[in-house]
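Chemist: Sequence:
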Amino acid sequence: MLSLLKKLTAGTSAAAQPLMPAPSVSEKVDPYMLGLHDAMLSGWFNQQTNELFTGFPVSPEDTLLDVGCGDGGNVHFCGMRGAKIIIADIDAAKVEATRQRLSDTPARGVECHVTDCNPLPIADATATRVVSTEVIEHVDDPAQFLAELVRVGKPGALYLLSVPHPSSEDLQKDIAAPEYFQKPNHIRIISEEQFKAMVSDAGLEVISHSQYGFYWSMWMLLFWEAKVDFSNADHPLLNHWADTWQAVLSSPRGAQIKQALDAVVAKSQVIIARKPMAE
Numbered sequence: 003m004l005s006l007l008k009k010l011t012a013g014t015s016a017a018a019q020p021l022m023p024a025p026s027v028s029e030k031v032d033p034y035m036l037g038l039h040d041a042m043l044s045g046w047f048n049q050q051t052n053e054l055f056t057g058f059p060v061s062p063e064d065t066l067l068d069v070g071c072g073d074g075g076n077v078h079f080c081g082m083r084g085a086k087i088i089i090a091d092i093d094a095a096k097v098e099a100t101r102q103r104l105s106d107t108p109a110r111g112v113e114c115h116v117t118d119c120n121p122l123p124i125a126d127a128t129a130t131r132v133v134s135t136e137v138i139e140h141v142d143d144p145a146q147f148l149a150e151l152v153r154v155g156k157p158g159a160l161y162l163l164s165v166p167h168p169s170s171e172d173l174q175k176d177i178a179a180p181e182y183f184q185k186p187n188h189i190r191i192i193s194e195e196q197f198k199a200m201v202s203d204a205g206l207e208v209i210s211h212s213q214y215g216f217y218w219s220m221w222m223l224l225f226w227e228a229k230v231d232f233s234n235a236d237h238p239l240l241n242h243w244a245d246t247w248q249a250v251l252s253s254p255r256g257a258q259i260k261q262a263l264d265a266v267v268a269k270s271q272v273i274i275a276r277k278p279m280a281e
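In this text, residue positions in the sequence shown follow this note's numbering: the first is 3, and each later residue adds one.
Hints are computed from structural coordinates only; laboratory data are not their basis.
Predicted model only: the values in this text are computed from it and were never measured.
All C-beta atoms, glycine included, are put in the ideal place defined by N, C-alpha and C.
Any given hint might turn out to be false.
[Unchecked claim] Mimicking DSSO-like on lysine-lysine, the simulated pairs with C-alpha atoms at most 30 Å apart in a straight line are:
| id | residue 1 | residue 2 |
| --- | --- | --- |
| 1 | 96 | 229 |
| 2 | 260 | 198 |
| 3 | 185 | 229 |
| 4 | 185 | 175 |
| 5 | 198 | 185 |
| 6 | 156 | 96 |
| 7 | 260 | 175 |
| 8 | 185 | 96 |
| 9 | 175 | 96 |
| 10 | 175 | 198 |
| 11 | 198 | 156 |
| 12 | 229 | 30 |
| 13 | 30 | 260 |
| 14 | 229 | 260 |
| 15 | 229 | 175 |
[Said to hold, decoys possible] Ranges of calculated distance between the beta carbons of each label pair, as one might list FRET restraints:
| id | residue 1 | residue 2 | range |
| --- | --- | --- | --- |
| 16 | 125 | 210 | 27 to 33 Å |
| 17 | 279 | 237 | 50 to 56 Å |
| 18 | 108 | 158 | 21 to 27 Å |
Required output: the full structure, derived from the provided sequences and hints.
Modeler: Written as structure tokens, this is what we have:
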């Protein structure tokens, strides 16, 4: 299953818009837009600093590669910053949809590849920014996959990598549909220590390691119980949870409560890393 961030930004330009105040508790809450708002509070899509995620700025001078681009939410934000964009995904339909999404951005250029990334059809030392979110848990050989990401990055390139956090994955184990933990979906649960080791062993310097997404962890748990379609997830369980989380975020200590809960159960863990400069 591709990342919820990619899905919730797929059909909206919200990722390219300034962060707006969340709706009041009295209004009907859109669970997906609330999830986007929650993600932005966690550091995604920062308009003021041009950071795709905290610590990962994108500028017009960058060449940004997104491997496993999904529905293109991440690269749309980066295209709006004027960077050259390279996208790679095994799904041809998603590559084409993302290419079309990028057509309305001031991206310096757009290059598209339909590939299983073994190997990437991209020259060595091409990208100054490399993004791969919620992909490593799907691949057969994480070491080979990361080696390819490292190969195509320039010396000094920044990397934005994310995988599901084990706290959320463990929570889903006995509740999720069986296929959630079967190929081509999540074929491994990656601990914090394993994730850092994977990135370090690939030759990258870990700059930061964070986690977020209590809201989405609980939403997914309720989603399995609701037994609704992901594209039309309208169910009292999900709607009441969105109402509750909106009320939490709107409370005086909402940000503090969110931070505390994200630290206990998180949907994703994120590493910012750098490729060392050539000696």
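Chemist: Is the Cα-Cα distance between residue 260 and residue 198 30 Å or less?
Modeler: holds, 24 Å
Chemist: Does the beta carbon distance between residue 125 and residue 210 stay inside 27 to 33 Å, or does it fall outside?
Modeler: holds, 28 Å
Chemist: Return holds or violated for the Cβ distance of residue 108 and residue 158 against the range 21 to 27 Å.
Modeler: Given about 24 Å between the Cβ atoms, the range holds.
Chemist: Given the hinted pair residue 229 and residue 175, is their Cα-Cα distance within 30 Å?
Modeler: holds, 16 Å
Chemist: For residue 175 and residue 96, compute the direct alpha-carbon distance and say whether it is at most 30 Å.
Modeler: holds, 28 Å
Chemist: Given the hinted pair residue 156 and residue 96, is their Cα-Cα distance within 30 Å?
Modeler: holds, 26 Å
Chemist: Holds or violated: are the alpha carbons of residue 175 and residue 198 at most 30 Å from each other?
Modeler: It holds: about 23 Å lies between the C-alpha atoms, which stays within 30 Å.
Chemist: Does residue 30 pair with residue 260 here, judged by a C-alpha cut-off of 30 Å?
Modeler: holds, 21 Å
Chemist: Does the alpha-carbon distance linking residue 260 and residue 175 stay inside the 30 Å limit?
Modeler: holds, 23 Å
Chemist: Is the hinted pair residue 198 and residue 185 satisfied, with a Cα-Cα distance of at most 30 Å?
Modeler: holds, 23 Å
Chemist: Given the hint that residue 185 pairs with residue 175, does the C-alpha gap stay at or below 30 Å?
Modeler: With Cα atoms ~15 Å apart, residue 185 and residue 175 stay inside 30 Å; holds.
Chemist: Assess, step by step, whether the Cα of residue 185 is no farther than 30 Å from the Cα of residue 229, and give holds or violated.
Modeler: Cα-Cα ~21 Å, so holds.
The earlier numbered hints are all upheld by this structure, with none contradicted.
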